[in-house]
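Q: Protein chains in written order, with this note's numbering: chain E, 610 to 722; chain Y, 14 to 127.
Honestly, the hints are just simulated from the structure, not real lab data. Don't take each hint at face value.
To be verified - Here are the simulated lysine-lysine pairs, DSBU-like style, with alpha carbons at most 35 Å apart:
no.: 1; chain 1: Y; residue 1: K27; chain 2: E; residue 2: K651
no.: 2; chain 1: E; residue 1: K651; chain 2: E; residue 2: K676
no.: 3; chain 1: Y; residue 1: K70; chain 2: Y; residue 2: K83
no.: 4; chain 1: Y; residue 1: K84; chain 2: Y; residue 2: K70
no.: 5; chain 1: Y; residue 1: K96; chain 2: Y; residue 2: K22
no.: 6; chain 1: Y; residue 1: K96; chain 2: E; residue 2: K651
no.: 7; chain 1: E; residue 1: K665; chain 2: Y; residue 2: K27
no.: 8; chain 1: Y; residue 1: K84; chain 2: Y; residue 2: K22
no.: 9; chain 1: E; residue 1: K676; chain 2: Y; residue 2: K96
no.: 10; chain 1: E; residue 1: K676; chain 2: Y; residue 2: K27
no.: 11; chain 1: Y; residue 1: K27; chain 2: Y; residue 2: K70
no.: 12; chain 1: Y; residue 1: K83; chain 2: Y; residue 2: K27
no.: 13; chain 1: Y; residue 1: K83; chain 2: Y; residue 2: K96
no.: 14; chain 1: Y; residue 1: K96; chain 2: Y; residue 2: K70
no.: 15; chain 1: E; residue 1: K665; chain 2: E; residue 2: K676
no.: 16; chain 1: Y; residue 1: K70; chain 2: E; residue 2: K651
no.: 17; chain 1: Y; residue 1: K27; chain 2: Y; residue 2: K96
no.: 18; chain 1: Y; residue 1: K96; chain 2: E; residue 2: K665
no.: 19; chain 1: Y; residue 1: K70; chain 2: Y; residue 2: K22
no.: 20; chain 1: E; residue 1: K665; chain 2: E; residue 2: K651
no.: 21; chain 1: E; residue 1: K651; chain 2: Y; residue 2: K83
no.: 22; chain 1: Y; residue 1: K22; chain 2: Y; residue 2: K83
no.: 23; chain 1: Y; residue 1: K27; chain 2: Y; residue 2: K84
To be verified - If you only want the chain Y side, here are some residues facing chain E, beta carbon under 7 Å, derived:
no.: 24; residue: A44
no.: 25; residue: G55
no.: 26; residue: F118
no.: 27; residue: G121
Computed from a predicted model, the values in this text were never measured in an experiment. The beta-carbon is built from N, C-alpha and C at its ideal position, and this holds for glycine as well.
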Amino acid sequence: QKEVEQNSGPLSVPEGAIASLNCTYSDRVSQSFFWYRQYSGKSPELIMSIYSNGDKEDGRFTAQLNKASQYVSLLIRDSQPSDSATYLCAVNMPAGNNRKLIWGLGTSLAVNP
Amino acid sequence: DGGITQSPKYLFRKEGQNVTLSCEQNLNHDAMYWYRQDPGQGLRLIYYSQIVNDFQKGDIAEGYSVSREKKESFPLTVTSAQKNPTAFYLCASISDRGKRNEQFFGPGTRLTVL
């Protein structure tokens, strides 16, 4: 059973629309949740981190965390073609002093002009 | 400028050769990580180190070795025992702000076995 799951996509949205990316995780004691953006051929770039239930906004990005339902989502408002990338969800599932992240396989987003 | 550097960017290896990938950070981060990424697949953890002179195996450590003699450096050796080494290799380190565990990545090394 996968510990962090994402829809692989591709998710296709028109320019200016809201893109909604979802991620579910299996371990209820998870404490830290991250969204990374990865352009083709490049390394992942941290775009959002969230640690408590609710919404966290940063510019056009909003992360939403619901620990009871064990999901975290990323909304991208006013999507631009430059947002076209793979979005990786990562979760820290602490075990002792373990600082590893568990990664989803990523959702591919295409924003069409 | 603070950051994580990896070298080389591209590396070609003949079968049977060992190669070493460099990872250096000047962020004063304690924990460092090596991942492998194959096309269409997620990040798979090879090794990680939380302090100098200590490291742990990740999920796919076979055929790889690491050292952590300095806080700034965490080189990865891909040995001839690694059966399918062609992949994109990513080094990361963790911000030490509390327990937030935000990982930051270097630019990666693309290894191709000829």
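Q: Is the Cα-Cα distance between K84 of chain Y and K70 of chain Y 35 Å or less?
A: holds, 18 Å
Q: Straight-line Cα separation of K83 of chain Y and K96 of chain Y no greater than 35 Å?
A: holds, 29 Å
Q: Holds or violated: is the Cβ of F118 of chain Y closer than 7 Å to a Cβ in chain E?
A: F118 of chain Y check passes; min Cβ-Cβ to chain E is 4 Å, inside 7 Å.
Q: Less than 7 Å between beta-carbons is the criterion; does G121 of chain Y satisfy it with respect to chain E?
A: holds, 5 Å
Q: Taking only the CA atoms, is the gap from K651 of chain E to K676 of chain E under or equal to 35 Å?
A: Satisfied, since the Cα-Cα distance of roughly 31 Å is no more than 35 Å.
Q: K96 of chain Y and K665 of chain E were given as a pair; does the straight-line alpha-carbon distance stay at or below 35 Å?
A: Answer violated: K96 of chain Y to K665 of chain E is near 43 Å, above 35 Å.
Q: Quick one, are K27 of chain Y and K96 of chain Y close enough, alpha carbons at most 35 Å?
A: Given pair K27 of chain Y, K96 of chain Y holds - Cα atoms ~12 Å apart, limit 35 Å.
Q: For the pair we were handed, K96 of chain Y and K22 of chain Y, check the Cα-Cα distance against 35 Å.
A: holds, 21 Å
Q: Given a cut of 7 Å on the nearest C-beta pair, is the interface hint for G55 of chain Y held or broken against chain E?
A: holds, 4 Å
Q: Under the criterion that the straight-line Cα-Cα distance not exceed 35 Å, is the pair K27 of chain Y, K84 of chain Y satisfied?
A: holds, 31 Å
Q: K70 of chain Y and K22 of chain Y: Cα distance at most 35 Å?
A: Distance ~24 Å between K70 of chain Y and K22 of chain Y Cα, so the pair holds.
Q: CA of K676 of chain E to CA of K27 of chain Y, is that 35 Å or under?
A: Roughly 48 Å separates the two Cα atoms, so the pair is violated.
In the structure shown, a violation is registered for the earlier hints numbered 7, 9, 10, 18, in ascending order.
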